[in-house]
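Chemist: Protein chains in written order, with the numbering used here: chain Z, 1 to 217; chain D, 218 to 325.
Derived by calculation from the structure, the hints in this document are not laboratory data. Watch out, some of these pointers could steer you wrong.
In silico DSSO-like links for lysine-lysine, alpha-carbon gap of 27 Å or less [said to hold, decoys possible]:
1) Z:K120 x D:K248
2) Z:K58 x Z:K120
3) Z:K140 x Z:K120
4) D:K248 x Z:K58
5) Z:K140 x Z:K58
6) Z:K58 x Z:K212
For the chain Z half of the interface with chain D, some residues (derived, Cβ under 8 Å), not all of them [to be verified]:
7) P91
8) E161
9) V163
In this text, all values refer to a predicted model and were calculated from it rather than measured experimentally. Idealized CB from N, CA, C, for every residue including glycine.
Listed below, chain by chain, are the residues.
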Amino acid sequence: MARSQLIAVSNLKGGTAKTTLAVNIASALAGDAAVVVVDADEQGTAAAWATAGHLPVKVVPIVLHEGDVTGWIEAVVALKAAHDLVVVDCPPNLGAVALAALTLADLVVVPVTASGMDLKATARALELVQQARQARRSDKPVVLLVPSKVDRRTASGREVEAVLSDFREPVAPAVAQRAAHVDAFSAGQWIGDYAPRSAAHVDVEAVAALVKRMLNR
Amino acid sequence: MTKRASLRSNLPAAAAQEAAEAVAAVAAISKSQDNAPVAAPSSSDRRPMTNSTVHLPVDLLDALRLAAQRRASRRARADDNGRGGRPSVSEIVVEMLDRHRDELDQMD
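One chain only, chain D, in its complex shape (with noise of 0.2 Å):
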């Protein structure tokens, strides 16, 4: 595939300076943010985890897993250096259950 042709010859003055503006802003951040130092989380942000064996609907967990790797693969388009991790289907049970959390709390 290739690369989208530049407009910015065809903006008006003011949009193409707007436009200029904005890649160099983005620039400025992703660099500050190259060079943040990544800080391991601490104990006390970590959530206890525990491993579980869930008897689950064959169709359910095909699911699950086919949304993990949609994820996966929709994070590595979205990284620059196309880094997606690895398909989680646990991050993604996790995900749905915090969302339902107060339902499960008053469940019966």
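Next comes chain Z alone, as it looks inside the complex (with noise of 0.2 Å):
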């Protein structure tokens, strides 16, 4: 079995599909591996999810409690200790708790929508990411900007890929705005148990392909 792995799917921003993400590549990666998502969002959305007893991975909800980042890190190496893949979906913001999962990531799963705002983010997002490189004296974390949310109507969703490329980091196929996401949620399930072969569902599966060959899995 290859060793233990971790994931974190980071934004500064809110509003990029951060936990639709963390959830489905989970699910999607859940097949073969023992695979557990961690809910570092206070907002709750991906434990949330979990609720209703439908998605082939626990979430688990550990989020930074009165500051003690050694206590949160402690906390997800525990986890990740006792499983093959630790997806963590990060709170969208410049926190304590996204330098954490910085530090621990073996790949940043980074969504970006098509708009300028995000796109500063995201630069200040990869900032980080070299900060977390440079202080870990590693190649690590590598980094997967997905384009999220993408309506190919708009000009600036059909450009989003080539803006995304000037980053010079990995860019997945991406992941389009679709009801059916809002759907799964609501349902309680993973996409590709809620429509699976739909085009969400072909979206998530080719983002999460390029997560596992990331990952060398």
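Take the two lone chains and join them into the complex the hints point to.
Modeler: Right, dumping it as structure tokens:
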């Protein structure tokens, strides 16, 4: 079995479908590995998603408690020791949890929507990744930029991949804006169970396959 | 509330080492951020702003104010020094409109 690995799904801005990607990627990879999602966002959306008990992965809320970053890191590392893969749904800010997740992650998945504000937040997130690499004296975490909530009817939606390639980090196939994702959340299911072989499912599987390759799984 | 009890003594050696390295890395990055000079945004970075009076339904304005307060509280909780800033309705309106900018530009 491959060693345990950690994916941080992070962006400093909210509304980029971070939780949607975290839960769906984890679920897509759960077929041949013991996968757990850490809900590190105080909004608790991933944990709420799992409440119905229909997800193929467990979601464990671990939020920062009284600024105790060491406690947060130890709790996540303990979970990692018991699973093949941990997917951390980070809070949408430049706080201590996002930073701690970068220092533990093998791979950072950064969902980016086609907006100027998102691109600015992405540039800042990548600066932070660079700082994490230096502090770890490692080329980790590797980064995967995921064009998210893409609407091909708009000019910005058609150009988002080209814009993201300027960041000189790998860019995943786009995940389109689709109602099925909202409905899957309402049903408490991941997209592969809610709408198998749908366009939304195909989008997620393509990203998950790339994640798997990048983790050498 | 009490702090989480340290798990380190119960972690396997390799995991305890990994946790210790991550804690050290977070400390190193935080230190470099604390020491980094804070540059004022240049006038070219700054987005020109103006004040405006907009006629809004009361329920929407209430929802905006609540969202702004929640955001400021969340930032305060996430900030090591408890600074969350002033609740800003304008910030939320701008963010939501930016998200729908394409729609807005194409609106008849």
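Chemist: Look at each hint and say if it fits the structure.
Modeler: Verification of the hints:
no., hint, verdict
1, Z:K120 x D:K248, "holds (23 Å)"
2, Z:K58 x Z:K120, "violated (33 Å)"
3, Z:K140 x Z:K120, "holds (22 Å)"
4, D:K248 x Z:K58, "violated (35 Å)"
5, Z:K140 x Z:K58, "holds (26 Å)"
6, Z:K58 x Z:K212, "holds (19 Å)"
7, P91, "holds (7 Å)"
8, E161, "violated (16 Å)"
9, V163, "violated (14 Å)"
The structure fails to meet hints 2, 4, 8 and 9 from the earlier list, while all remaining hints are met.
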